[in-house]
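Participant: Take a look at the letters that make up each chain.
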Amino acid sequence: MTPAISVAGLTRRYRGQLALDQVSFDIEPGSITGLLGRNGAGKTTLLRIIAGQEFPSAGSLTVLGAAPTTDDHLLSRMVFIREDQLYPQYGGRFTARHTLRAASWFYPNWDADLAFALAADFGLPLNRRVMRLSRGMRSALGIVVGLAARADVTLFDEPYAGLDPVARQMFYDRLLADYAEHPRTVLLSTHLIDEAAGLLERVLVIDRGTIILDAAADDVRGAATSVSGTVIAVQEFTAGRTVWDRRRVGSQESAVVAGALDDTDRARATALHLHLEPLSLQQVVVHTASATAVSQPGMHTPERTSA
Amino acid sequence: MEGAGLVPDMAGLEDGAPLFVQIAERLADEIADGSLAEGERVPSTNELAAYYRINPATAAKGIGMLTDEGLVEKRRGIGMFVAGGARARLLAERRKRFAERFVEPLVAEASRLGINADELTGMIRESSYTQKGTRP
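If you read the protein sequences in the order shown, they are chains A and B. Per this note's numbering: the first sequence = residues 1 to 307. Per this note's numbering: the second sequence = residues 1001 to 1136.
These are computed hints drawn from the structure, not numbers from a lab. It is possible that part of the hints are untrue.
What the hints assert, rightly or not - Example chain A residues on the side facing chain B (calculated, C-beta under 8 Å, incomplete): (1) Pro-29; (2) Asp-173; (3) Gly-198; (4) Leu-200; (5) Ser-280; (6) Leu-281.
Claimed, not checked - Straight-line Cα separation of at most 25 Å, SDA-like style, residue types lysine to any residue; simulated pairs: (7) B:Lys-1061 <-> A:Thr-70; (8) B:Lys-1061 <-> A:Gly-259; (9) B:Lys-1074 <-> A:Ala-177.
Note that the structure is predicted; figures quoted are calculated from it, not measured. Quick reminder that beta carbons are idealized off the backbone N, C-alpha and C, glycines included.
Sequences and hints are given; from them, build the entire structure.
Facilitator: Below you can see the structure in the form of structure tokens.
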């Protein structure tokens, strides 16, 4: 199957600064992938290049088998919604309704019923001029366009600025519902990992312009476990294991152990009166991103502290 | 600015273990306790995805585990259904695992607390009376 998005050796330099450094990955069609990383890690640069809004300094990419910067036909099969999206305003008279109409001309799969239903859900004032919309309402407008476009490749770059938790949950629920009925390729960049975790089939973690983790979300869940108890017991349990982090207070210690635990490990932990807590997707990503050295794709992260 | 972090309600799924395994376990539990009867339709991947707020592919992978074990079967064009004999097979498997998962840790903890075998059986009998009012 041709990947929906294929990126190889992608590099982007800004005046000697490396924003992206040899980024490579393929995304299969019909999946939701999370592009995770801290602010300034390179998420937006990567998405802009995929959307054809920016040229890479080196490397190659295809979207739906074509080059985004040269294939005009591709643009209507791809929607890119970014944080604080700017819409054409035509002397400030352009309303939210105008934006939806313009989008309906541009995107061949546009679903007007869905657009109006979503606009109502978000309480979007359709007759208000876009320039007078609040930040949250501008985000809502972007989300409406991004979902109703039903584009084969849907790129969301932290699309929730100014939206409260209730509205963000609505975004995730509506995305999931429409995706279930109309599968497409979604790449969602976010730093609110816990919120979106259930939606993601796969995660790409980017840090300082480099992909440091590329794995199925379900392989990342529980790939590390927090072990806590007395210092002696924790030391005994963690001996010979890869430990990502260790904290201590008085006679108590808490360590993060990499790798899945089996029944024998669990029985041993019980015997040592240790408390085990598997790490969430977000917690594993945080640990991976804060590790200094670069890991290979997969669940490999260098040991940072030793017993 | 974005307000408090949102912890999504995934209907009891936990983010610390593979979600597809949890989906398979949930459905297996329902089959084992009879709330999903043999021959009954299993919720579709999209229904599960909406309910648990998870990716439909994850839900499909969970159902796929049960298909591989022969606990659910596909009826073309209609959906997935609980296979005949699924409940009996699950219960037999769980009885086998019962000792290692529950009895062994129970005995280990009891001996740590200085509870001898007679006292332990007495406690089990007592607990059984209060829970169900039946003789163990």
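Participant: A separate judgement is required for each hint: does it hold in the structure or not?
Facilitator: We went through each hint and held it up to the structure:
1. Hint status for Pro-29 of chain A: violated, given a least beta-carbon distance of 12 Å to chain B, over 8 Å.
2. A distance limit of 8 Å between C-beta atoms decides the matter here; for Asp-173 of chain A the minimum to chain B is near 7 Å, and the interface restraint holds.
3. A least Cβ separation of about 4 Å between Gly-198 of chain A and chain B falls short of the 8 Å threshold, and the interface hint therefore holds.
4. For Leu-200 of chain A, the interface hint holds, since its Cβ comes within 8 Å of a Cβ in chain B; the closest pair sits about 7 Å apart.
5. Taken as an interface hint, Ser-280 of chain A checks out: its beta carbon lies about 4 Å from the nearest beta carbon of chain B, inside 8 Å.
6. Below 8 Å, beta-carbon pairs count as interface contacts, and Leu-281 of chain A has one with chain B at about 6 Å; its hint therefore holds.
7. Only pairs whose Cα atoms come within 25 Å are accepted, and Lys-1061 of chain B paired with Thr-70 of chain A is rejected, the gap being roughly 38 Å.
8. For a cut-off of 25 Å, the pair hint linking Lys-1061 of chain B to Gly-259 of chain A stands: about 22 Å separates their Cα positions.
9. A threshold of 25 Å between alpha carbons decides the hint, and for Lys-1074 of chain B with Ala-177 of chain A the separation of about 23 Å falls inside it, so the pair holds.
Of the numbered hints stated above, those contradicted by the structure are hints 1 and 7, listed in ascending order.
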